[in-house]
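**Q** Here's the letter readout for the chains.
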Amino acid sequence: MRTMKNLSAVQVITGLTLFFLMGFSSFTFAQDYPTRPITLYCAFPAGATMDVLTRALAIRAEKILGVPVVVDNKVGALGTVCAAILASQKPDGYTIGVIATGAMTYVPLLYKVSYKPLDAFTPLLQFSQFIGGLSILNESPIKTVYDLIEYAKTHPGLTFGSTGTNGFHHLAVELFSQCKGLNLKHIPYKGGAESIPAILGKHIDLHAGSAHIPYVRQGVLRLLMNYSATKRDPSFPDVPTLIELGCPDYPGDGMMVAGPKGLPEPIVKKLKSAFKAVADGQEFQNLLVQLNLPYTYKDGEELNKEAPAVTEYYKDLNKKLGIGK
Amino acid sequence: MDFFGNLITGLSVACEPYNLLFCFLGVFIGTLIGVLPGLGPSATLSILLPVTFGMPATTAIIMLSGIAYGAQYGGSTTSILVNIPGETGSVITCLDGYQMARQGRAGPALGIAAFGSFIAGTVGIIVLQILAPPLVNVALKFGAPEYFSLMILGLIILTFLAEKSMLKALMMAGMGTFFGTVGLDSISGVARFTFDIPDFFDGLGIVPMVMGLFGIAEIFLNLEKTIKTEISDGKIGNLLPTLKDWVDSKWALVRGTVIGFVLGLLPGAGAVLSTFVSYAVEKMVSKNPQKFGHGAIEGVAAPESANNAAASAGFVPMLTLGIPVIPTYAILLGALMLHGITPGPMLMKQHPDLFWGVIASMYVGNVMLLVLNLPLIGLWVRVLRVPYPILFPLILLFCLIGAYAINKSTVDVAIMLFCGVLGYLMRKFEYEPAPFIMAFVLSPMLETSLRRSLAFSNGKFMIFFTHPISLGCLILASLLLVTAALPGIREKFVGEA
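For the record, the sequence lines run as chains A and B.
If you count by my numbering, then the first sequence holds residues 1 to 325, one letter each, in order.
If you count by my numbering, then the second sequence holds residues 1 to 497, one letter each, in order.
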């Protein structure tokens, strides 16, 4: 009996020691980082464009970092569920996430969030951004956005479907409609899976979203205008942007890799260089082209610096549109 | 003819040894995850997606589709054996499947589910192959008002599931609709009934609710009984459906397949809708409606063939338009894009190898599923021989792990336990959980289509009467209600409880 008791005491001590050693190792030897699998949260559902990109980043980052990078989808509430979870994690470099830059800027202006938007994350880099397009059925007599403006002036109440109320697709088209003095009626859908059938089935007149590309390429839909875009899409050089039409634009979300606030500098460096290498790589670039997404690299520092100004800009726009908390 | 030419193209692709292997892997994994509570096909597909990067696109899609329709087979197993639906498509299978198992007829129940799935799945593919493009155009005719009225009709049909009081079933449907409003309102983004719990923002999880209402409640109920009631007392009976079972269920299979295929084309809740609509139809046309809910084999055959036909039908909008009808197919679309293939109207012309190869692989996969599942029946039935004191704690454990595993969230576990208690009370007071859970599933679509319709019509309700399909659904729904309200007529249809 005695020996057994002693044994268990020894075991307990050894166990505890090992436990603490393991617990501390990640702090004390940041230069050895990473030594265990990294969890990469994704704010978008499995199968979504962002999820596809996140997984493409993960597989290649794995090879550079030398440890598994495990994608974990935390979906919901316009990405704030994922952002909130990410913000609450230990900044040890083993939990990072792919979230929309809007989680720091405009989403908290519209919805209550549990984190401090400007002081919750360590942005690492932005690798792309959402661009929206306004499209119409190809068979329609309306061929350009100018045709549309003319037609809509005499035909108030044309409907446009978007991927959700207060999303940038909705708000950008609202700005367009205000700026040109049109009366377009907004019909919200839940993502492209619902809004595309609605336009194909002629339930709505116009489609505002980013799921239109394959349909435009196959000649079913016609792209009239891009918004949330700084310049024309090289794949559709004839399609004007909202800014070109002399209207204010609602900036779309960027897609970034970020960690919780307070990631140690050496870890930030390692992660930045790894993900930058992946994003610059030919395979990832090809994927972006295929998904018709722009490569808009921005460093984490830059994202952090511009966030307060961007937030202010959104506040003004929201006031103009009469929305927000 | 085109049909055979395409079929031969497809089969030659599907029967390449490499593709055969991955087709088998897919349906095998699908069966497994269908049986396990919690880990659904969506989660599995997204985990396996990166694995397919190294494969040719066709092989990858063949395997991933195999998982998607394979899970439909597996989902019914737990419904029948332990009253826990593997996914929403097999909730209705519980009603009679579990009763059959308790009467020692688990074998025929599992057998008819497997054959029904096979027949419906295969017929579904044939129809898909011949009619894919015109059918899609029909599905596109469904706008917001049509969806709304269809959902209303669905909710009224739900009450026909009731074994006893239709009024109670309607009340359950109302409560389910209410539970479905929890979360961010999908039109304006306002948080409703969330109590600031982030896990509630996207609504209550369907899997923990189903596991609670059915599985956990069943365990609670059985706690009251003394141990002597072993489910089948060793008398397992036939492993396969008898000739009489076949005769009883042949029309149920046919009707289930048709209903499943038609409703499965509609993006959204079509697959789920088809299971209870087909069940209700069987109950209405049956000469002995009173045996439903007490182990009627038609009650298993109809929903099982419906959900598999719906799974085939769902490929129509996906492959021809690039529109996913259920989240699982959204991941398949993601996989297509990752492999450099643009889903959409031109897919059939640009990649005939892939299109027909995947379709042909579904024939092959369905045969594999049947071969795989029939021998398993003997094994599953033996599970029921495990005495309650061992089986029940195990079920509880699997449910707990399953509920936690979906989102790694303890809130889901709490939801499951809460629903367990709720389900127990419902059973005690003779309220049925099936209308509740079905209404819960339909609720978000009902609401968004109502609000979207009113957005179109500037708030005028006339829109539901000016659209012909919508009007038809509403007329049918009111006829059903009148039938239900007039005593005598309902008895004729549903019988005395």
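Think of the hints as simulated: they come from the structure by calculation, not from any bench.
All figures in this text were calculated on a predicted structure; none of them were measured in a lab.
It is possible that some hints are incorrect.
Derived lysine-lysine pairs resembling DSBU-like cross-links, with alpha carbons at most 35 Å apart [stated by the list, open to error]:
hint : chain 1 : residue 1 : chain 2 : residue 2
1    : B       : Lys408    : A       : Lys185
2    : A       : Lys269    : B       : Lys408
3    : B       : Lys141    : A       : Lys63
4    : A       : Lys112    : B       : Lys460
5    : B       : Lys141    : A       : Lys153
**Q** What are the numbers of the hints the structure violates, in ascending order?
**A** Violated: hints 1 and 3.
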